[in-house]
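K.L.:
Model the full assembly from the supplied sequences, consistent with the hints where possible.
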Amino acid sequence: MELQQLKYFREVAEREHVTRASEKLFVSQSAVSRAVTQLEKELGVPLFYRQGRAVVLSRYGRVFLEHVTRAVSILENGTRLLGEQTGAESGIVSLGFLHSLGVEMVPRLIKEYRRKHPRVQFTLLVQRSGERLMGELVAGSIDLCLSVPGMFQRNGICWNHLLDEELIIAMPQNHRLAAKRTLNIRELSSEPFLALSPEHTLRIIFDKVCADASILPKIAFEGMDIATLRGLIAAGLGIGLLPPAPARFAGIVEIKLSQTRHIRPLGIGWVDDRYLPASAIEFRKFVVSKFHSG
Numbered sequence: 095m096e097l098q099q100l101k102y103f104r105e106v107a108e109r110e111h112v113t114r115a116s117e118k119l120f121v122s123q124s125a126v127s128r129a130v131t132q133l134e135k136e137l138g139v140p141l142f143y144r145q146g147r148a149v150v151l152s153r154y155g156r157v158f159l160e161h162v163t164r165a166v167s168i169l170e171n172g173t174r175l176l177g178e179q180t181g182a183e184s185g186i187v188s189l190g191f192l193h194s195l196g197v198e199m200v201p202r203l204i205k206e207y208r209r210k211h212p213r214v215q216f217t218l219l220v221q222r223s224g225e226r227l228m229g230e231l232v233a234g235s236i237d238l239c240l241s242v243p244g245m246f247q248r249n250g251i252c253w254n255h256l257l258d259e260e261l262i263i264a265m266p267q268n269h270r271l272a273a274k275r276t277l278n279i280r281e282l283s284s285e286p287f288l289a290l291s292p293e294h295t296l297r298i299i300f301d302k303v304c305a306d307a308s309i310l311p312k313i314a315f316e317g318m319d320i321a322t323l324r325g326l327i328a329a330g331l332g333i334g335l336l337p338p339a340p341a342r343f344a345g346i347v348e349i350k351l352s353q354t355r356h357i358r359p360l361g362i363g364w365v366d367d368r369y370l371p372a373s374a375i376e377f378r379k380f381v382v383s384k385f386h387s388g
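So the sequence shown is numbered by our numbering: it starts at 95 and just counts up by one.
One thing to keep in mind: the hints can contain errors.
Below, simulated DSS-like cross-link-like pairs (lysine-lysine); rule was C-alpha separation at most 25 Å, straight line [as the list claims (entries may be wrong)]:
1. 350 to 274
2. 302 to 350
3. 274 to 302
4. 118 to 101
5. 210 to 384
6. 101 to 135
7. 312 to 350
8. 205 to 384
9. 210 to 379
10. 302 to 312
11. 312 to 274
12. 379 to 205
In short, the hints are calculated from the structure, not lab data.
Predicted, not measured: the structure shown is a model, and the values here were computed from it.
P.N.:
Below you can see the structure in the form of structure tokens.
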């Protein structure tokens, strides 16, 4: 039993005429007759009785029509909903991103995109761990992710590079080094550092920066989010290697590192050779264009 047969049966039942049903369906009369005959053979009962050139439902056909109408309606509604959820203008974008990007970047991108595409909806997944974010992407829980390309890389993940975010030293505004224009990471070796916990991408970058400079940092506190670290830095508990704050943070000064420019690369990733709804494809194009307008 095929969906096409059920649609042909429903049309004949509604019009009580095979020829008129075939004209409505834009198929041959023989195709409609054949579909109805196959249904009757499979069900083992007559669905119609002929009355001249017309056909009328048998009592078995009336029972069957009630269920066919309901079943076809459910399937058509399901098809319509899938179209709405995957369409470029009315679909759903399933997006995962690092926790630190949820303060400014992600809200800004979504707000601007929905200004032009108001019917597009977003389902969002925030992860503090870049590794867990990659796992969600591979598992199919999300269509796109904003993270650090290449870190925790999995087979089949493709990336569009967006930007290199320069990392700076955040310190209390009354710190003895707060007036300096640049700092060398080695002159901070004795300072207490406030850092994210080890699974965070920023912590991994921080550990590499220290290892490359041959220093062993004094970790005074490990936190779960950048906002907490900034608050504690402003309170004078230590310093941190962080991305620049999206807005001025009271009690903190930000100083660039000299010699080597330390960055956190950011990109948008997806799984190659996996279906992406049009809504996700269009949002990905939009995000890339915002960082590579040239």
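K.L.:
Would you mind marking each hint as holding or not holding in the structure?
P.N.:
Taking the hints in turn, this is what the structure says about them:
no. : hint       : verdict
1   : 350 to 274 : holds (9 Å)
2   : 302 to 350 : holds (17 Å)
3   : 274 to 302 : holds (24 Å)
4   : 118 to 101 : holds (11 Å)
5   : 210 to 384 : holds (14 Å)
6   : 101 to 135 : holds (17 Å)
7   : 312 to 350 : holds (20 Å)
8   : 205 to 384 : holds (13 Å)
9   : 210 to 379 : holds (14 Å)
10  : 302 to 312 : holds (14 Å)
11  : 312 to 274 : holds (21 Å)
12  : 379 to 205 : holds (15 Å)
Hint check: no violations occur; every hint is consistent with the structure.
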